[in-house]
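In case you want the letters, here they are:
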Amino acid sequence: MQLTTEDPIDLIKMLSEAHDPKAGAVVLFSGEVRNHSHKRDVDYLFYECYVPMAEKIIKEIIESSYTKFKLHKALCCHRIGKVGISESAVVVITASSHREEAYAANRYIIDRVKHEAPIWKQEFFSDGTHEWGHNCSCFEHQHNH
Amino acid sequence: MKIKVQVFASLKDYLDPQFYLELQEGATANEVRYRLLTEYPMAESILRKSKLAVNDCFVEGSYTLKDNEHILIIPPSSGG
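Those protein sequence lines, which keep their order, are chains A and B.
The working numbering applies: residue 1 is where the first sequence begins, and numbers increase by one.
The working numbering applies: residue 1 is where the second sequence begins, and numbers increase by one.
There's no promise every hint is true.
Examples of chain B residues lying across from chain A (beta carbon under 8 Å, computed) [as the list claims (entries may be wrong)]:
hint	residue
1	Phe8
2	Ala9
3	Ser10
4	Ile74
5	Gly79
6	Gly80
Label-pair distances were calculated between CB atoms; the ranges are [stated by the list, open to error]:
hint	chain 1	residue 1	chain 2	residue 2	range
7	B	Asp13	A	Ser97	47 to 53 Å
8	A	Lys13	B	Lys4	34 to 40 Å
9	B	Asn30	A	Leu15	44 to 50 Å
10	B	Ser45	A	Arg107	26 to 32 Å
11	B	Lys4	A	Asp43	31 to 37 Å
12	B	Met42	A	Phe124	19 to 25 Å
13	B	Tyr34	A	His130	29 to 35 Å
14	B	Asn55	A	Lys13	29 to 35 Å
15	B	Asn30	A	Asp43	35 to 41 Å
16	A	Lys68	B	Lys66	31 to 37 Å
Simulated crosslink set (DMTMM-like; lysine to aspartate or glutamate; CA at most 25 Å straight-line) [claimed, not checked]:
hint	chain 1	residue 1	chain 2	residue 2
17	A	Lys82	B	Asp67
18	A	Lys114	B	Glu22
19	A	Lys22	A	Glu48
20	B	Lys12	A	Glu55
21	B	Lys49	A	Glu48
I should point out that these hints are in silico values taken from the structure, not numbers from a laboratory.
Just so you know, these numbers come straight off a predicted model, no measurement behind them.
Each residue gets a CB set at the ideal place from its N, CA and C atoms; glycine is no exception.
For reference, chain B alone in the conformation it holds in the complex (with noise of 0.2 Å):
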């Protein structure tokens, strides 16, 4: 199945901000967490520290994705 991959902030220096991935079906939000890992080791502490989220929600890693959905990887917040 395809997913939507979207990153913001500091994980752009490392990733695109916007990409797809294809993943087995049933595959977990944490899958995906894992995938970058391996594939940008350079974002390893941020990737470690985001919140995933689904549909504008966080999401916990054991979240079974579905096909064609959009998932956010969001890096602690730094505003005020």
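Looking at chain A on its own, in the form it has when it is part of the complex (with noise of 0.2 Å):
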């Protein structure tokens, strides 16, 4: 499974993985590029990627994932480089027997992954001005990870 890809995420062949004879629910989130931010129109992202470090957390946060939650499979991949409107810039599929589970371990791997990978965004705006997004800070907010 790519945890990282500087390619468009393939949805469709990242359901089909997800697939598990004994799941009766599949989650699937994709985290989006909007056409704005802050009232500001955006043209589309950049994202930095330190790829040793960020593979090797998004590993953890997957295989925490199964003994915290009761999954058959735990999916997920975040796009580095440019990312266009409407493309997704992080994938996550959870699937389990019921759907509780499945919903519980997506959000429970998304905000983590959004909080610990060591990955940036940049938002590139239709003006011609960029600037690096607003970082979530762990050291000022506490999130229920």
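Both chains are given apart, each in its own frame, so use the hints to dock them into the complex.
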């Protein structure tokens, strides 16, 4: 399973890998690029990533999701580089016997990946300016990890 | 001793992506942060929020660095 990629994420292919005969629920979350941010028009995003640590952390988060929830499958892939409007920047798929676990595990994985993986978003606006995305600082906020 | 420093994302607006620092034997990871705070005050808010990693593992500020180690200054994530 690819954990990071510079290519567009193939949602159908990922979903096909998530099917499991024991699973009655498969939840797919796709974090997609909006055309606006803080009342400004966005052209595209650029994601910088320190791949060695990001992949290790995403793998650890997925492994911990199996111990925390009754999951049959858990997949996560994050884009790197330029990502256009409406493209998937990150995808998480969870499969479990019942939907409660699949929803909860999915939320758990995306929340932790967003806050812990060394990946940084840069927003490129239609007016030609760009700025780093608003960071989540785990020193300042408490998340339900 | 010589330590390789690597920074990411918004820190690159203020610092070179990679550079070397000369530190006294027994210096800690936090001493790298303090040195950068002194030399790059414009980056203070990000430097204070950043995590530190050595050998691709997060370390506490009290971690004692060894000669030729590679320290990463990792700003708060903004993935997703």
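Now the hints, each set against the structure:
{"no.": "1", "hint": "Phe8", "in the structure": "6 Å, holds"}
{"no.": "2", "hint": "Ala9", "in the structure": "4 Å, holds"}
{"no.": "3", "hint": "Ser10", "in the structure": "4 Å, holds"}
{"no.": "4", "hint": "Ile74", "in the structure": "5 Å, holds"}
{"no.": "5", "hint": "Gly79", "in the structure": "3 Å, holds"}
{"no.": "6", "hint": "Gly80", "in the structure": "4 Å, holds"}
{"no.": "7", "hint": "B:Asp13 to A:Ser97: 47 to 53 Å", "in the structure": "48 Å, holds"}
{"no.": "8", "hint": "A:Lys13 to B:Lys4: 34 to 40 Å", "in the structure": "38 Å, holds"}
{"no.": "9", "hint": "B:Asn30 to A:Leu15: 44 to 50 Å", "in the structure": "45 Å, holds"}
{"no.": "10", "hint": "B:Ser45 to A:Arg107: 26 to 32 Å", "in the structure": "29 Å, holds"}
{"no.": "11", "hint": "B:Lys4 to A:Asp43: 31 to 37 Å", "in the structure": "35 Å, holds"}
{"no.": "12", "hint": "B:Met42 to A:Phe124: 19 to 25 Å", "in the structure": "23 Å, holds"}
{"no.": "13", "hint": "B:Tyr34 to A:His130: 29 to 35 Å", "in the structure": "30 Å, holds"}
{"no.": "14", "hint": "B:Asn55 to A:Lys13: 29 to 35 Å", "in the structure": "34 Å, holds"}
{"no.": "15", "hint": "B:Asn30 to A:Asp43: 35 to 41 Å", "in the structure": "39 Å, holds"}
{"no.": "16", "hint": "A:Lys68 to B:Lys66: 31 to 37 Å", "in the structure": "36 Å, holds"}
{"no.": "17", "hint": "A:Lys82 to B:Asp67", "in the structure": "37 Å, violated"}
{"no.": "18", "hint": "A:Lys114 to B:Glu22", "in the structure": "34 Å, violated"}
{"no.": "19", "hint": "A:Lys22 to A:Glu48", "in the structure": "37 Å, violated"}
{"no.": "20", "hint": "B:Lys12 to A:Glu55", "in the structure": "22 Å, holds"}
{"no.": "21", "hint": "B:Lys49 to A:Glu48", "in the structure": "18 Å, holds"}
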